[in-house]
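**Student:** Chain order of the listed sequences is A and B.
The working numbering numbers the first residue of the first sequence as 1 and each following residue consecutively.
The working numbering numbers the first residue of the second sequence as 1001 and each following residue consecutively.
Calculated from the structure, these hints are not laboratory results.
Computed from a predicted model, the values in this text were never measured in an experiment.
Watch out, some of these pointers could steer you wrong.
To be verified - DSSO-like mimics (lysine-lysine), calculated; alpha carbons at most 27 Å apart, straight line:
no.	chain 1	residue 1	chain 2	residue 2
1	A	LYS48	B	LYS1009
2	B	LYS1010	A	LYS82
3	A	LYS32	A	LYS275
4	B	LYS1030	A	LYS407
5	A	LYS91	B	LYS1078
6	B	LYS1030	A	LYS411
7	A	LYS17	B	LYS1069
8	A	LYS489	B	LYS1010
9	B	LYS1069	A	LYS82
10	B	LYS1078	A	LYS48
11	A	LYS82	B	LYS1009
In case you want the letters, here they are:
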Amino acid sequence: MINSSLKQLGDMLQAKKISSVELTQTFLDRIKLYNPSINAYIALDEVKTLAQAKVADARFSAGNAAPLTGIPIAQKDIFCAKGWPTTCGSKMLANFIAPYDAHVITQFDSAGAVNLGKTNMDEFAMGSSNETSYFGGVKNPWSFDRVPGGSSGGSAAAVAARLCAAATGTDTGGSIRQPASLCGFTGLKPTYGVVSRFGMIAFASSLDQAGPMAKSAEDCALMMNVMAGFDERDSTSLNRGKEDYTRSLNLPLAGLKIGLPKEFFAEGLDASVGKVIETAIAEYKKLGAEIIEISLPNTGLSIPVYYVLAPAEASSNLSRYDGVRYGHRAAEYTDLMDMYNKSRAEGFGAEVKRRILIGTYVLSAGYYDAYYLKAQQIRRLIAQDFVEAFKQCDVIMGPAAPSTAFKSGEKVDDPVAMYLQDIYTISTNLAGLPGMSIPAGFAQSDDGVSLPVGLQIIGNYFDEARMLNIAHQYQQVTDWHTIMPNLDKPNLEMPEGKV
Amino acid sequence: MALSIEDIKKVAHLARIEVSESDAVATLAKLTGILGLIEQMQAVDTTGIEPMSHSQDLSQRLREDVVTKTNLRDEFQKNAPLLGNGSSELAVSAGLYLVPKVIE
């Protein structure tokens, strides 16, 4: 049951083969068993969760259930959920109780889904390994001495370990897709503006986008049907009318033009990851796709540009945490300035402080043109690369991350090495395009552990349904997405028959 | 351009983050590395390129000037900070939202 698709679970609930309370309890029991070692969840509330499950069961009895009614979903702790602790992985918000619901939470509530709990994450979503969380790192379910990726590391581990039916994440520079690759599941970052940012704690507002993290493309499509949609409370929410993201799942792929950017296969990509990606592309050829080599010449610049724009926006967004109205306040201080300085020094972790300082620096007098304006100009060049590419192909494919999951602690003291984890994902955020990562196989690490590899699919604006179709068709002829880690015996040898 | 300890202290002051002497040295090394990465941008000729702040060409939406927020006083009160002077817990439970003196 824990490995069933959302549709299968929905059918079982509808047929009353199982109640939502029973299903929810199954996941809560698994969480109790495995969360102490994995640390995927940082807030659990059985009473609240089971109360929602009871309401869901009542909806089935009353005959007004929706597709995700009764399904237990893990929520990234970046989303405000009324009455729940909402910390964004930070000491700054360690005692914050959300006074209202994020739009995403409201959508799941209206659908009758069950909130299983809040998941761990890099502090304020700044990180690629979940190691910047104030609440400690998260174990990669495939290998407990490795990271799950980040920033949506808790949601990633929860999906991979089957500690939820599906989860939400957010992706500012790769925070859904890189962990999806490192933990071996399907994650989608929609086009910027498709999912409302209302009630989602801001990191870099022009890049932040929420999306589903789930076991399959079909599950992600069902999640998107709930999450996406216009919300006037987000000034950049796009008013495009409701879409059914499952509508194209079963279309054949014959004639599909797949562009492979040569920059995604150049130096910096682990050979073992490259091999898995090539095998996946070969599978697409069998499905009738045509492969075209393309170029995204400014890919290498996406990281420098991102590390100007995202910290600049973050330094502004995080200025609200001043110790005055809510959040951490230093116990002792001499005057107002000292109160600000100490509260922020104590409340923020090292990586968040670094980014605030970088952002403050690039926006400070005399440097604006050299950094911020320059980065915005190159952002346009990066976006134009994609416009040119999509004249030649329908969809772009490549690796989602340059390597498989790395060991905890390996990159903690080297921010630049950590930033390079997002080399293949950041450019889509800068361009505002949708991107996904789907399980494409396993690669052997140097110490002999089999670790998942994700294939990235980048689509044109608003092509989510098409991308989900492309992913779904692959998942009809492969079974990588169904393979689960063995939590009682992590640090696995290759799953049987999958060498 | 090379960052100095003074730059770190100035930026930390602007960002209202206390940085000790030893922190400043460590921060200087890390930020120098990050700025080195960022410097790659300077090799690109961006003459005449329109800066891009946003991926969609959006104009600001306007709405009717009506009340849209509901009263969430009780919920907000749950996050009301204490001042730590002993009497404040009572004050918060009495419905006051206590903040330090911010006008000097």
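**Student:** Hint by hint, say whether it matches the structure.
**Tutor:** Now for the hints, and whether the structure bears them out:
1. Restraint check: the Cα-Cα separation between LYS48 (chain A) and LYS1009 (chain B) comes to about 46 Å, which exceeds 27 Å; the hinted pair is violated.
2. Restraint check for LYS1010 (chain B) and LYS82 (chain A): not satisfied, since their Cα atoms lie roughly 39 Å apart, outside the 27 Å limit.
3. Among the hinted pairs, LYS32 (chain A) with LYS275 (chain A) is inconsistent with the structure: their alpha-carbon atoms are about 38 Å apart, more than 27 Å.
4. A distance of roughly 21 Å separates the Cα atoms of LYS1030 (chain B) and LYS407 (chain A); the hinted pair therefore holds under the 27 Å criterion.
5. Of the supplied pair hints, the one linking LYS91 (chain A) and LYS1078 (chain B) holds, its CA atoms being roughly 17 Å apart against a limit of 27 Å.
6. Between LYS1030 (chain B) and LYS411 (chain A) the alpha-carbon distance is near 13 Å, which keeps this suggested pair within the 27 Å criterion.
7. The suggested pairing of LYS17 (chain A) with LYS1069 (chain B) is violated, with an alpha-carbon distance near 42 Å, which exceeds 27 Å.
8. Pair hint LYS489 (chain A) plus LYS1010 (chain B) does not hold up; C-alpha atoms about 51 Å apart against a cutoff of 27 Å.
9. For the proposed pair LYS1069 (chain B) and LYS82 (chain A), the alpha carbon gap of about 15 Å is at most 27 Å, so the pair holds.
10. Among the hinted pairs, LYS1078 (chain B) with LYS48 (chain A) is consistent with the structure: their alpha-carbon atoms are about 18 Å apart, no more than 27 Å.
11. A hinted pair counts as satisfied when its Cα atoms are at most 27 Å apart, and LYS82 (chain A) with LYS1009 (chain B) does not qualify at roughly 39 Å.
When each numbered hint is compared with the structure, violations occur for hints 1, 2, 3, 7, 8, 11.
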